[in-house]
Amino acid sequence: MARDRAQDNDYFGQLRKLLLAVLVLCLLAIFLVWRIDSPRVERFRAQVIDTVVPNFDWAMAPVTGAVNILRDFQSYQRIYQQNQELRRELQQMKSWREAALQLEQENARLLDLNNVQLDPRLTYVTGVVLADSGSPFRQSVLINVGARDGIVDGWATMDGLGLVGRISGVGENSARVVLLTDSSSGIPVTVQPSGHQALVAGDNSGSPLLTFLEDDDGVRPGDRVMTSGDGGVFPAGLLVGRVTQDPGGRLRVRLSADYERLEFLRVLRNWAQERIEDPGSLVEPDTPATEELSESADPLEEDEIGPEPADG
Amino acid sequence: MAERSATFLWSMRFLYLVLCGLVMFIHLLPLEPVTTFWAAPDLMIALTFAWVLRRPEYAPLVFITGAFLLADFLFHRPPGLWAALVLIGSQTLRAKAPDLRDLTFPMEWLSVATTLIAITIGYRMVLLILVIDAPPLSLSLIQVLTTLAAYPLVVLASQTVLRVRKIAPGEVDAMRTS
Chain V
798 MARDRAQDND
808 YFGQLRKLLL
818 AVLVLCLLAI
828 FLVWRIDSPR
838 VERFRAQVID
848 TVVPNFDWAM
858 APVTGAVNIL
868 RDFQSYQRIY
878 QQNQELRREL
888 QQMKSWREAA
898 LQLEQENARL
908 LDLNNVQLDP
918 RLTYVTGVVL
928 ADSGSPFRQS
938 VLINVGARDG
948 IVDGWATMDG
958 LGLVGRISGV
968 GENSARVVLL
978 TDSSSGIPVT
988 VQPSGHQALV
998 AGDNSGSPLL
1008 TFLEDDDGVR
1018 PGDRVMTSGD
1028 GGVFPAGLLV
1038 GRVTQDPGGR
1048 LRVRLSADYE
1058 RLEFLRVLRN
1068 WAQERIEDPG
1078 SLVEPDTPAT
1088 EELSESADPL
1098 EEDEIGPEPA
1108 DG
Chain P
28 MAERSATFLW
38 SMRFLYLVLC
48 GLVMFIHLLP
58 LEPVTTFWAA
68 PDLMIALTFA
78 WVLRRPEYAP
88 LVFITGAFLL
98 ADFLFHRPPG
108 LWAALVLIGS
118 QTLRAKAPDL
128 RDLTFPMEWL
138 SVATTLIAIT
148 IGYRMVLLIL
158 VIDAPPLSLS
168 LIQVLTTLAA
178 YPLVVLASQT
188 VLRVRKIAPG
198 EVDAMRTS
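Line by line, the protein sequences are chains V and P. Here this note's numbering is used: the first residue of the first sequence is 798, the next is one more, and so on. Here this note's numbering is used: the first residue of the second sequence is 28, the next is one more, and so on.
If you are wondering where the hints come from, they were derived from the structure by calculation, not from laboratory data. It is possible that part of the hints are untrue.
To be verified - Label pairs and their computed distance ranges (CB to CB):
1) V/F809 with P/K123: 15 to 25 angstroms
2) P/P125 with V/Q878: 43 to 53 angstroms
3) V/F1009 with P/A176: 32 to 42 angstroms
Just so you know, even glycine gets a beta-carbon here, dropped at the ideal spot from N, CA and C.
Input sequences plus hints: build the corresponding full structure.
What follows is the structure in structure tokens.
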């Protein structure tokens, strides 16, 4: 009986070792495929998330709601203080509102003066945040709009106030937004009013670093940081935040978007911008084409082309 | 009787999957402020190690693989690597389980700690070798520490609420004959 069981165990033990080896090899194969051919596996990942996370949605909404109610309940304890704070802020806001109204009128007058047309193609799709990345190592959120709604990789995402991140990974019904704070995020920006170009690079902390600044002198804490539109990644002129200085003396960006409360996100439709790549025929004539022309064309046509520069 | 124990076994296996799913679900809830300076404990690992050391038949290889591969995909980790390391780590612990059975809990905790630290170092080494940007070292360290701190609680909950206990001497024969 005992010997029997020992043999039994031995047999199953061997089988289990084989299974373990096969499973580990499979997993490592998946990992290597991901390393070699990342986009394909990332697309697969987007599909997996697309099928799994919306299934959780019915449970996520009430649980999130309940926890938020609890948190709000905690905040009732200091309701008087909050009320005072809010009154003070309201006072400040009123004066700001007055200033804003005046500026708006001025802006309208100036726009009218210039006959400026803002880009009509810069419309947006609004999505709700479904889930965060689930790990403290990755700063990203999942929103409930995807390829079905025409979302395309690389589009900019904002909340009502400022830039939040960019789309990276689109499923049928969901899309992943890599936040500006993620360590793999870097976007070209302009610092106003000095006009310096820089790069906002996330480092997993709340306020990303301002790097690749030509010279630090012109930039002061409090300056506004806008996207510059360089590289064709984002449209220009989206508000990112304000410059701050950390205790180490490095310049960082305090983001305008409310990262503590990401709920509704706007994805800006940004169809491929036109790019000027060649110098153009006015600046530098297309030499091979003219050679071809002179070879194939008869002398009469050459005569016609010849005198033209003399006219101009 | 045998039929009942078989259904019980499978229900415990599915309970393992359900618990793993629950942990992933909680991680995915959009509650936490996005930037955190500490890492929550990896309860899936604590649960897996605790169960493998107590009743390995409740956490079969295929289920562990499935749960951790899904977690890799959902949490935007390099897919497969962490799952493979957890699988190897859990089976190492499983091989050690007969020796640990007679020892006290601190010894078990120690061996779980060494395994966890070993697979974390292995994970970071592989990422380093293949030039994939690894998570910040401080966060990894904090996660290892919080996971180890949470391990006794997971064990306590498994033993008292879910009744996943080490097999007492003599119980094996009772299960065989039943």
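Quiz prompt | C-beta pair P/P125, V/Q878: status relative to the range 43 to 53 angstroms that was hinted | solution = violated (60 angstroms)
Quiz item: So the hint says 32 to 42 angstroms: do the beta-carbon atoms of V/F1009 and P/A176 match that?
Solution: Given a distance of about 41 angstroms, which is inside 32 to 42 angstroms, the answer is holds.
Quiz item: Taking 15 to 25 angstroms as the hint, is the beta-carbon distance of V/F809 and P/K123 inside that range?
Solution: holds (18 angstroms)
Violated hints amount to a single one, hint 2; each of the other numbered hints is respected by the structure.
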